[in-house]
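Chains as they are written, first to last, in our numbering: chain A, 1 to 417; chain B, 418 to 589.
Calculated from the structure, these hints are not laboratory results. One should not assume that every hint holds.
Said to hold, decoys possible - Quick list of in silico lysine to any residue cross-link-like pairs, SDA-like style, CA-CA up to 25 Å:
(1) B:Lys440 to A:Asn69
(2) A:Lys160 to A:Thr197
(3) A:Lys234 to A:Val166
(4) A:Lys389 to B:Val465
(5) A:Lys26 to B:Pro573
(6) B:Lys440 to A:Gln79
(7) B:Lys440 to A:Asn353
(8) B:Lys440 to A:Ala74
(9) A:Lys389 to B:Gly569
(10) B:Lys440 to B:Gly516
(11) A:Lys112 to A:Glu230
(12) B:Lys426 to B:Arg577
(13) A:Lys389 to B:Glu568
What the hints assert, rightly or not - Estimated spans, in silico, between C-beta atoms of each pair:
(14) B:Glu449 to A:Lys318: 53 to 59 Å
(15) B:Gly532 to A:Tyr22: 51 to 57 Å
(16) A:Gln79 to B:Arg541: 38 to 44 Å
(17) B:Gly532 to A:Gln79: 37 to 43 Å
(18) B:Arg541 to A:Gly109: 47 to 53 Å
(19) B:Ser550 to A:Lys85: 55 to 61 Å
As the list claims (entries may be wrong) - Sample of chain A residues with no beta-carbon within 12 Å of chain B, all distances over it, derived:
(20) Gly13
(21) Leu76
(22) Phe153
(23) Gly198
(24) Ser205
(25) Asp229
(26) Pro243
(27) Ala251
(28) Pro287
(29) His317
(30) Arg413
Built from N, CA and C at the ideal position, the CB exists for glycine as well.
For reference, the chains in residue letters:
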Amino acid sequence: MNVFERILARASGLREVSAGDYVTAKVDLAMFHDLTGPLAINAFREIGVEKVWDPEKIVVVFDHLIPANTVETAELHKQVRSFVKQQGIKHFYDVGRGGVCHQVVVENGHVKPGDLVVGADSHTCTYGAVGAFATGVGSTDMAAALATGELWFKVPAAIKVEAKGVFGKYVTAKDLILKVIGELTSDGASYMGLEFTGDAVQRMSVDGRMTLCNMAVEAGAKAGLVPPDEVTVKYLGLRGFNPELFDEGDALYERVLHVDVEGLQPQVAVPPHVDDVKPVSEVRGTPVDQVFIGSCTNGRIEDLRVAAEIMKGRKVHKDVRAIIIPASNKVFLQALNEGLVETFLEAGAVVANPNCGPCLGGHMGLLASGETCLSTSNRNFIGRMGSSKARIYLASPATAAATALKGRITDPRELEG
Amino acid sequence: MILEGECVKLGNDVDTDVILPGKYLTVTDFHELGRHALEGLTPGFAEVAGRGVIVAAGLNFGCGSSREHAAIALKYSGVRAVVAESFARIFYRNAFNVGLPAVECRGIHRLVENGDRLTLDLNRGLVKNLRTSVELRFNPIPSFMLAMLEEGGLIPYLKRRLTGEHPHPERP
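Working from the sequences, and respecting the hints, build out all of it.
Listed below in structure tokens is the structure:
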């Protein structure tokens, strides 16, 4: 069995399952946020169950529209808060307490290797960075999970991505995952699990591994996963994990993709498709109006550090708005302590409270028609960040920082030193 | 279950951001969501959909965000079913969960033009273009998912199951 089959077998109490089987499995954690929560709560109420299956195994995070941007949003927040209170849900991260849901779940140790997690957000696959099988579901599925603690799953086949070599300066996990999505295409891993292995991944911190797993869904994958190791154990402060779940042994893979990161250029996804990926040299010089550094993909401390290193002592180009949003309060505080926030403010960037920001086109820097944005987030679809006539390029925090300074898409390696 | 409707043809990778832009995610009135369905990609879609349509799309329909609002918006705009070469998995589940039939049918994109009248027989796995009389087969919908559609979605279905009026879902 591959790692996804092993985890689903464990969670459904079966000795063996194989790709294509349908199983009903118990979930270890369910997560929802301020925008998918209200629909899930309404559906939960309609089922007619009084209490959630386990108030300790539910995490609720406000992140999509915080603080509330409109009265409508405030009403939704009020509704979710009251549900949390009424149900005695233990892990609730309100405005100012957490940040972007996926960062909050991982950094607070709500998931561990081998867990089965569902989240009412497509980027729930991020938790694969610490060896969990985590997948996004809609609000009605979330309601069913809240009511029963279980859900039906189709067991996915797996694709293995084996990344070897040492990254060059200012080339990062984001460039690797964009390269992989370009190879696989936006539905190349549909219904499948993406397992990331190889020495380039093993050398990565949990921050970088989260960036990899986060974008697994952009290739259509059900989950992304990095087999846990010493890095995982140390990050989560664990004593260990069940190695049997991650024993590759007889695993079968639909496909194995080999990537050598040695000599990999910074990568850019060109609008409006996430899988239209080009080396930065091919889009270099494209003028931008806005740069966004943040989101569940790239708002972590390592991301802010590399951006600050490039921006230190320099100024954001006069025609560019640079918006920087740390992924959580913990990240924000660390960035403050390390002097990164000072660097950003002196450069002329906006640093906002931890939240999803303009990534999903909710608030905090929407785009007007005809404008171009380079963003470290995960989707460049038409209308994603505002006007349906705006264009979005996706890239790493290093490329974003360099682009903010120059006002045009720039290879960060040009600014080295 | 047999459905009929006018065909609206769409391309590959129709994502949930174009099906329902993020700015409408705070809207709680489902009919209001329906009025904004696909407005970024096909302005005026809701007007056409109001006549009762079947969307015929290419590969990877519904990719992107997990927002169930996308499936709800299509359903309440008047879409009776979506037939596509393939679906993104979260949208596929959401569609059934809200009672919107989603049919994976290889070859559908070449079979139809905008404005054709289509019939869909979900039990037999048959789609027919009434203009050309050409038929295509697809894998019939698993019986527990059909049951879910007939009940109007997962919630009414689950309600019945939890109150003991309905058997446990069979595996397809």
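Now the hints, each set against the structure:
{"no.": "1", "hint": "B:Lys440 to A:Asn69", "in the structure": "holds, 11 Å"}
{"no.": "2", "hint": "A:Lys160 to A:Thr197", "in the structure": "holds, 7 Å"}
{"no.": "3", "hint": "A:Lys234 to A:Val166", "in the structure": "holds, 22 Å"}
{"no.": "4", "hint": "A:Lys389 to B:Val465", "in the structure": "holds, 23 Å"}
{"no.": "5", "hint": "A:Lys26 to B:Pro573", "in the structure": "holds, 22 Å"}
{"no.": "6", "hint": "B:Lys440 to A:Gln79", "in the structure": "holds, 19 Å"}
{"no.": "7", "hint": "B:Lys440 to A:Asn353", "in the structure": "holds, 20 Å"}
{"no.": "8", "hint": "B:Lys440 to A:Ala74", "in the structure": "holds, 15 Å"}
{"no.": "9", "hint": "A:Lys389 to B:Gly569", "in the structure": "violated, 36 Å"}
{"no.": "10", "hint": "B:Lys440 to B:Gly516", "in the structure": "holds, 24 Å"}
{"no.": "11", "hint": "A:Lys112 to A:Glu230", "in the structure": "holds, 13 Å"}
{"no.": "12", "hint": "B:Lys426 to B:Arg577", "in the structure": "violated, 36 Å"}
{"no.": "13", "hint": "A:Lys389 to B:Glu568", "in the structure": "violated, 40 Å"}
{"no.": "14", "hint": "B:Glu449 to A:Lys318: 53 to 59 Å", "in the structure": "violated, 41 Å"}
{"no.": "15", "hint": "B:Gly532 to A:Tyr22: 51 to 57 Å", "in the structure": "violated, 38 Å"}
{"no.": "16", "hint": "A:Gln79 to B:Arg541: 38 to 44 Å", "in the structure": "holds, 43 Å"}
{"no.": "17", "hint": "B:Gly532 to A:Gln79: 37 to 43 Å", "in the structure": "holds, 42 Å"}
{"no.": "18", "hint": "B:Arg541 to A:Gly109: 47 to 53 Å", "in the structure": "holds, 51 Å"}
{"no.": "19", "hint": "B:Ser550 to A:Lys85: 55 to 61 Å", "in the structure": "holds, 60 Å"}
{"no.": "20", "hint": "Gly13", "in the structure": "holds, 15 Å"}
{"no.": "21", "hint": "Leu76", "in the structure": "violated, 6 Å"}
{"no.": "22", "hint": "Phe153", "in the structure": "violated, 10 Å"}
{"no.": "23", "hint": "Gly198", "in the structure": "holds, 26 Å"}
{"no.": "24", "hint": "Ser205", "in the structure": "holds, 27 Å"}
{"no.": "25", "hint": "Asp229", "in the structure": "holds, 28 Å"}
{"no.": "26", "hint": "Pro243", "in the structure": "holds, 29 Å"}
{"no.": "27", "hint": "Ala251", "in the structure": "holds, 21 Å"}
{"no.": "28", "hint": "Pro287", "in the structure": "holds, 23 Å"}
{"no.": "29", "hint": "His317", "in the structure": "holds, 27 Å"}
{"no.": "30", "hint": "Arg413", "in the structure": "holds, 31 Å"}
In summary, the numbered hints that this structure violates are 9, 12, 13, 14, 15, 21, 22.
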